[in-house]
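Start from the sequences and build out the full structure, keeping to the hints where you can.
Residues per chain, in single letters:
Protein chains: 2
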Amino acid sequence: MTPKTVARTVIVGGGAGGIGAAGAAKAADPQGEVIVYTEYEDAAYSPCGIPYVHGREIPDFDRLFLAGKEAYVEAGIDIHYNSRVTSVDLARRQVAVEGEGDVAWDRLVIASGFDYADPGVPGSDLEGLYYVKNIRRAMEWDKVIDHVKVAVVIEASPLGLEMVTALAHRGIETHLVDPHPWALSEAADPDIAEPVQESWAEMGVKMHFNTRLEEFLGDSNGKVRGVRTSEGELPADLVVICTKKTPRNDLAAAAGIQIGSTGGIIVDERMATSAAGVWAAGDCIEVPHGVSNVPLQGLSGSHAYSQGKVAGTNAAGGNRKYQPVYVPWGMVAGKWMIGGVSFGETLATALGIPFVLGKAQGISRARYYPDMKKILVKLLAEPGTGRLIGAQLVGGEGIKERADFLAMCVKVGITLEDLAFMENVYSPPIGALNEPIALAAQNGLANLKG
Amino acid sequence: MTPKTVARTVIVGGGAGGIGAAGAAKAADPQGEVIVYTEYEDAAYSPCGIPYVHGREIPDFDRLFLAGKEAYVEAGIDIHYNSRVTSVDLARRQVAVEGEGDVAWDRLVIASGFDYADPGVPGSDLEGLYYVKNIRRAMEWDKVIDHVKVAVVIEASPLGLEMVTALAHRGIETHLVDPHPWALSEAADPDIAEPVQESWAEMGVKMHFNTRLEEFLGDSNGKVRGVRTSEGELPADLVVICTKKTPRNDLAAAAGIQIGSTGGIIVDERMATSAAGVWAAGDCIEVPHGVSNVPLQGLSGSHAYSQGKVAGTNAAGGNRKYQPVYVPWGMVAGKWMIGGVSFGETLATALGIPFVLGKAQGISRARYYPDMKKILVKLLAEPGTGRLIGAQLVGGEGIKERADFLAMCVKVGITLEDLAFMENVYSPPIGALNEPIALAAQNGLANLKG
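Which chain is which? The protein sequence lines are A and B, in order. Residue numbering for the first sequence follows the numbering used here, starting at 468 and increasing by one per position. Residue numbering for the second sequence follows the numbering used here, starting at 468 and increasing by one per position.
Simulated from the structure, these hints should not be mistaken for lab results. What you are looking at is a predicted structure, and each value in this text was computed from that prediction instead of being measured. Hints are supplied without guarantee of correctness; some may be wrong.
The list treats identical chains as one, so a pair stands whether inside a single copy or across any two.
[Stated by the list, open to error] Think about it this way: if two alpha-carbon atoms lie no more than 25 angstroms apart in a straight line, the pair counts; the simulated DMTMM-like pairs of lysine to aspartate or glutamate are:
hint, residue 1, residue 2
1, Lys802, Glu700
2, Lys841, Glu524
3, Lys841, Glu812
4, Lys493, Glu884
5, Lys840, Asp573
6, Lys493, Asp885
7, Lys916, Glu736
8, Lys840, Asp735
9, Lys616, Glu864
10, Lys690, Glu812
11, Lys841, Glu864
12, Lys690, Asp613
13, Lys840, Asp527
14, Lys712, Glu884
15, Lys788, Glu884
16, Lys690, Asp717
17, Lys711, Glu864
18, Lys673, Asp717
19, Lys616, Glu524
20, Lys840, Asp529
21, Lys802, Asp838
22, Lys788, Asp885
23, Lys690, Glu640
24, Lys673, Glu884
If you want it as structure tokens, here you go:
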């Protein structure tokens, strides 16, 4: 067993949560030891960039690496690569590491990430099923994609939207199979998804909504040749599985750490788990939604990184709180950018949350300026008070920045009235006379009063 | 004298303030009569677009027209073109209109706009001095510009920055003469202006800061041939005068309506002037700055339009309030976008307003994504509370949206702490892991506590 002389923080996982925690732990206790265990060959690359290399927007995978391994050595963070943690012993305060034996910790941060949900259909052992996650595997898959003529993407999740767009860019006949009635139906309203779907149609994508996957079909060599769905068979050289991210909670659950309704590890606002000295962050935990208080799991890399920083800081003796999330999100899908905050009409309705809607089509620059893009803004407000509780956006530019803004608005209680009369930059190449958010708020205000 | 049967709103001025007032007055009192007097041949075009047609970003002037004249007729707004209002009689509630005689009003909105400050040097009657304002004149000047080899732009005002950039794009040897030490020094800090100036240097622009204009020099035909400055003479075929916008207050002042320290007409929050039944909006008025309470004049077209709507609504019997301004601004200058809110270090220091600074260089997309742009964010916060009081930005995209966001933050009292831990969209093509505003706030928070 590795001897230790100073307080040791052990971190399970080398993704955004784990790396955020490692840096923060080192900052909070520079004398302390920080060891990160990752199953993979690398840490600190951006898995979020993989679909864009496949789509050829980014020319090569090397660009996705954030820092060389030596940067962590220099920062005093000891990353053990290809190292699987197989169990956590709370009583003895040690983890078992494959090939290393037991390693003692004074503080433990679990940032074990996610797995894609098992599609739960026959044929899942066939060759040609691609789960987008690890960069080394992605490099190998990219060469496979060179020879693919027909691909099927399973589920219109955020990753599914990115992969459909990437494969279509790559000139591959791409089919999307999803059991829901429109793309990204758990986050986006149908009027937000509609232009995305129209643009996919223009790009030659074949969409199969309201369609369940029933089987991966193989040939005599054990290679995938297609999928069977509730609506018939589709041939495919490649199947990309973009099911929901489920929390990897096995280590924590086996150790007796409390798990929540989403399957995510339960943490308090300091990212402390139910076990003393054990913290958690990233896709393996659940956190409360600021408006509905519903636990959420599987947010963005930015959330994982922020949670990691809170967990690492507190593990190493600091004191930081993580706040409820309002979940600004955004992405490129087809020829559009889509995004939102908190929830849209569909999800609010499903959750039984009453709302008043304000909706407007605006523009990103002066009407007459080249490359002006349309932006559709939908704002959801609490009846009575008019406080913003959610938003949805689709447009050609400025979606991310508006989603960030609106997330802060929801958090601090900004109303439709505040937004209806907001000041905005007006300059022909970068902003229109009327900010689209203000136009939507003006319409919402009329509905609120009407 | 024109007879009247219903309540008549007379509006002096057909710019953003006047047109905003006309539409709002008609909406608030659809039966009422609305007459707009403008000195020009047109109303409802975007003068803000003129520099971009000169710069050839926009292919023609026709695109700058917002609506045909028939649209106003249909909306029941009676615009009198080429009509100069020469006096206002408060006692008799009438205006004198050149060629029309006296016209009675029940409500009057003064939206008489601005003039460029007189440079106050000899030679101002020479041919070849261009004041950018009217679209018909701009069309004529554009043909002149085709033959210009050397141009001098007088003063690095917002319009000056646009015209320097436009003329340089047009391939003209362009000189900028400004008495201050850097570009846009009344609004932008030197570190915000610096990249703009570097990019102008790359574009071949010759900058003459700390340089006073002393004379327009003419040839024997009365045409400008150059300028004399405190630092010597510069030859020029064209001189573009981009001095400060001064309020056109002559009609109001002659009628005895109160004028403020900026020269702008004094209005209350309902845009009412000191005279009963008389309202005002746009570049001819002054409004209080939300943080410092200092009166401001000559804001954007968006501000004028909003003020016009408040004035028009209230004139026609409605009840709306205009709120203190925090002045988000933004523009393209050289190869950069610059912007801000409220004030930067230079102006805050000049006003004697104490502040804590947070500054960071961030990025607009994932580091590895094509066309990622750097963004420098500076946040000014109130010592003690950490409340945001101002911001400055320079970068390659997302400046307008961030300035809008930060203006709302200043208005509602958001702190550096709120911004340091804000949630943000992370998606490689549209947003980085760490929002640049959050990075600046984190640095500011360290300074606030340090």
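Consistency of the hints with the structure:
| no. | hint | in the structure |
| --- | --- | --- |
| 1 | Lys802 <-> Glu700 | neither (28 angstroms within a copy, 53 angstroms between copies) |
| 2 | Lys841 <-> Glu524 | both (23 angstroms within a copy, 19 angstroms between copies) |
| 3 | Lys841 <-> Glu812 | within (21 angstroms within a copy, 35 angstroms between copies) |
| 4 | Lys493 <-> Glu884 | between (45 angstroms within a copy, 22 angstroms between copies) |
| 5 | Lys840 <-> Asp573 | neither (54 angstroms within a copy, 42 angstroms between copies) |
| 6 | Lys493 <-> Asp885 | between (42 angstroms within a copy, 24 angstroms between copies) |
| 7 | Lys916 <-> Glu736 | between (37 angstroms within a copy, 22 angstroms between copies) |
| 8 | Lys840 <-> Asp735 | neither (42 angstroms within a copy, 37 angstroms between copies) |
| 9 | Lys616 <-> Glu864 | neither (32 angstroms within a copy, 37 angstroms between copies) |
| 10 | Lys690 <-> Glu812 | neither (42 angstroms within a copy, 64 angstroms between copies) |
| 11 | Lys841 <-> Glu864 | both (8 angstroms within a copy, 17 angstroms between copies) |
| 12 | Lys690 <-> Asp613 | within (17 angstroms within a copy, 67 angstroms between copies) |
| 13 | Lys840 <-> Asp527 | between (29 angstroms within a copy, 19 angstroms between copies) |
| 14 | Lys712 <-> Glu884 | neither (37 angstroms within a copy, 31 angstroms between copies) |
| 15 | Lys788 <-> Glu884 | between (31 angstroms within a copy, 12 angstroms between copies) |
| 16 | Lys690 <-> Asp717 | neither (30 angstroms within a copy, 84 angstroms between copies) |
| 17 | Lys711 <-> Glu864 | neither (27 angstroms within a copy, 32 angstroms between copies) |
| 18 | Lys673 <-> Asp717 | neither (37 angstroms within a copy, 66 angstroms between copies) |
| 19 | Lys616 <-> Glu524 | within (19 angstroms within a copy, 41 angstroms between copies) |
| 20 | Lys840 <-> Asp529 | between (32 angstroms within a copy, 20 angstroms between copies) |
| 21 | Lys802 <-> Asp838 | both (13 angstroms within a copy, 17 angstroms between copies) |
| 22 | Lys788 <-> Asp885 | between (29 angstroms within a copy, 12 angstroms between copies) |
| 23 | Lys690 <-> Glu640 | within (19 angstroms within a copy, 66 angstroms between copies) |
| 24 | Lys673 <-> Glu884 | neither (42 angstroms within a copy, 47 angstroms between copies) |
Of the numbered hints given earlier, the model fails hints 1, 5, 8, 9, 10, 14, 16, 17, 18 and 24; all others are met.
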